[in-house]
Amino acid sequence: MHRRSLLATATVFLAAPALLRAADPDGPLKIRELYEKTGDMSQLALGLEGERVTFEGYMAPPLKADAQFFVLTKRPMAVCPFCESSAEWPSDILAIYTKRVIDVIPFNVGIESRGVLEIGEYKDPETGFVSMVRLTDATYSD
Amino acid sequence: MKKTALVSTLALTASMAAAQDQDLPQASSEWFTAGQTTIQEILDRQPNTNTARNVIVLVADGNGVGTNYATRLFVGQQEGGLGEDHVLPYETPEWYSALVKTYNINAQTPDSAPTAGAMNTGVKQRFNLINLGEDAVTGDCRTEDANKLTTFAEIVSGMDKSVGIVSTARLTHATPAAVYAKTAYRNWEDAIEAPGDEGAEAAELGELCPNSKDIATQLIDAMEAGTIDLAMGGGRRHFVPEGTETDEGGEGRRADGTNLIQRAQDLGAQYAWDTATAQELTLDGSSPILALFEDSHMEYEADRADEEEPSIAEMTRMAIEALSTNENGYYLEVEAGRVDHANHDGNAYRTLTDGAAFAEAVRVADEMTDDEDTLIIVTADHEHAIAFNGYCGRGSDILGLCYEVSNDGIEHSDQPNMAADGKPYTVLGYLNGTGSVLKEPTEGGNEWTGSRPDVSQEDATDMDYIQQALIPMSSETHSGEDVAVYAKGPYAHLFDGTLEQNVIFHVMHHAVTADDAAE
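Residue numbers (the working numbering), protein chains in the order written: chain A, 1 to 142; chain B, 1 to 519.
Mixed in with the good hints, there may be bad ones.
Distance condition first, Cα-Cα at most 30 Å in a straight line; then the derived DSS-like pairs of lysine-lysine [what the hints assert, rightly or not]: (1) K30(A) - K439(B); (2) K439(B) - K99(A); (3) K148(B) - K101(B); (4) K30(A) - K423(B); (5) K99(A) - K30(A); (6) K64(A) - K439(B); (7) K148(B) - K213(B).
It is worth saying that the hints were derived from the structure and are not from the lab.
Produce the complete structure using the sequences and hints provided.
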């Protein structure tokens, strides 16, 4: 994980390969397509910066009530008592800033979220959540 | 007289059957000749009663009989075969094997701490604690002193052997910790906590449990004492003070402000934290080795980049090269810790890719050692709530859909089996976990409802797919089902039948002390 420097609290960085687009080029993107295994941003991600795009994933339990922000995880955010001694974010998540106050969707129901892809460090003023990549002005549905 | 006649008749029948094997209609079948070959290989197997100079235990965490079955198919299919007939490196006839009962003293469903402890001390232990006797209480540090057990590492260190640990999990995690640590709670990786309502002030804790130490400190203590000579894995954050940046820009978690990496280096240990620094290690046994490749667990094999961190097979190779410089021999425990974690996630893809990486580590260990003087044991600590559907035709992708059996061919038909809900289903599933088909109500109440999502072969074989499960839980669970143990080398033949897990220690101990016992 050499270049995947963790920032304090919850930094967003994304593991896994930048794969070629799936058979359906218009289908939702997968979170893993954003990064190379080394942690570097993929060419695909860099090419989509500023574009309105759709990602699939799962809504992690929100950090606060009545928020316009949630974290999209590539797999349901399992809490494994025998893996981690304290709750912590996985290393492969995407921050979602929504147009409206969110309605919570159970953490293990697959959803799609569409918004403008932003790349670069941003600290959420309300939660202190630090993200390196996010969707803004986003909508979502299960 | 009647009985004698019956025995004679049976003997004659057996003799005739043997003489006529080649005349049987099935005699030309490859299955038949392969079966005969296997029998001959087992007949040729001779018990090895040499004293073991070296002992290597390779544990795939959570790799019970079911998970191992899935890995077998996965590896076979990755190599282009149908999968079912694949043979993993430790499944050949030269390996002895047995089933292992994994329960803990007080738990039908075990966790990795007492199970690894059983293998390292020879006695079953209590849930969530490591290497303490049966009167210890989980989470109560006051019960540690009177219950500390002697580990296999301490025993063989007394025989001037070297000891090493390799893990893809944190080195402070349960399975590697069981080689060197004694603790009332497995999660005390960088600090201990006061029992019950006693309060957690450090000063009070010192009075309550003056001899209790966190697991990371115990590793460096063991390195200083000479009972650990090599440790490679993850878990860097538990060795670095709070507020101090780690090698990759993370932050340490030690509230006591101790830098254990610095302490190890001050003791003369070599330190590595990525592939490049690992390649610079001197593997001549002249100094201890501490390698911490991640702040937490190492990456899953599916997500690992070679230039960032070594594979479990590469770490195993480095460990054997370093430890084998001791002419008195060594004890090495290798853990594929993340087979377990991927199972907890309900993600078969990463479970099986890490299982395949483990199998490769076994192959490397076997290739680098001599059966004449090295006892190699391959096992797991426990199984998971993993399960398999039917009736799938041969070659159905172990990650994918269960296809119908072909009546006139060997490989499955191109039609997936359909459940009563008219939807296809995967070969592999879980009894519980995040993949549950039941969803939490969003409008209040407790009526969890749902139906199975439709699933395509493309969905199911995706690396991030979560297999369908029944009972909703935030993390899939272990199960109490048996695991297998495979072994070759000195006294490997003692593994037979269905054994308690703590027997593994006794085979290791017998193998290294056999000469002494004979005197």
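Structure-based check of each hint:
As the CA atoms of K30(A) and K439(B) are separated by approximately 23 Å, the hinted pair is consistent with the 30 Å bound. Between K439(B) and K99(A), the direct Cα distance comes to roughly 25 Å. Compliance with the 30 Å bound is thereby established for this hinted pair. Under the criterion of a C-alpha separation no larger than 30 Å, the hint pairing K148(B) with K101(B) is consistent with the structure, at around 23 Å. Restraint check for K30(A) and K423(B): satisfied, since their Cα atoms lie roughly 24 Å apart, inside the 30 Å limit.
Restraint check: the Cα-Cα separation between K99(A) and K30(A) comes to about 21 Å, which is no more than 30 Å; the hinted pair holds. The hinted pair formed by K64(A) and K439(B) meets the criterion: a straight-line CA distance of about 21 Å does not exceed 30 Å. Restraint check for K148(B) and K213(B): the C-alpha separation of about 13 Å stays at or below 30 Å, so the hint holds.
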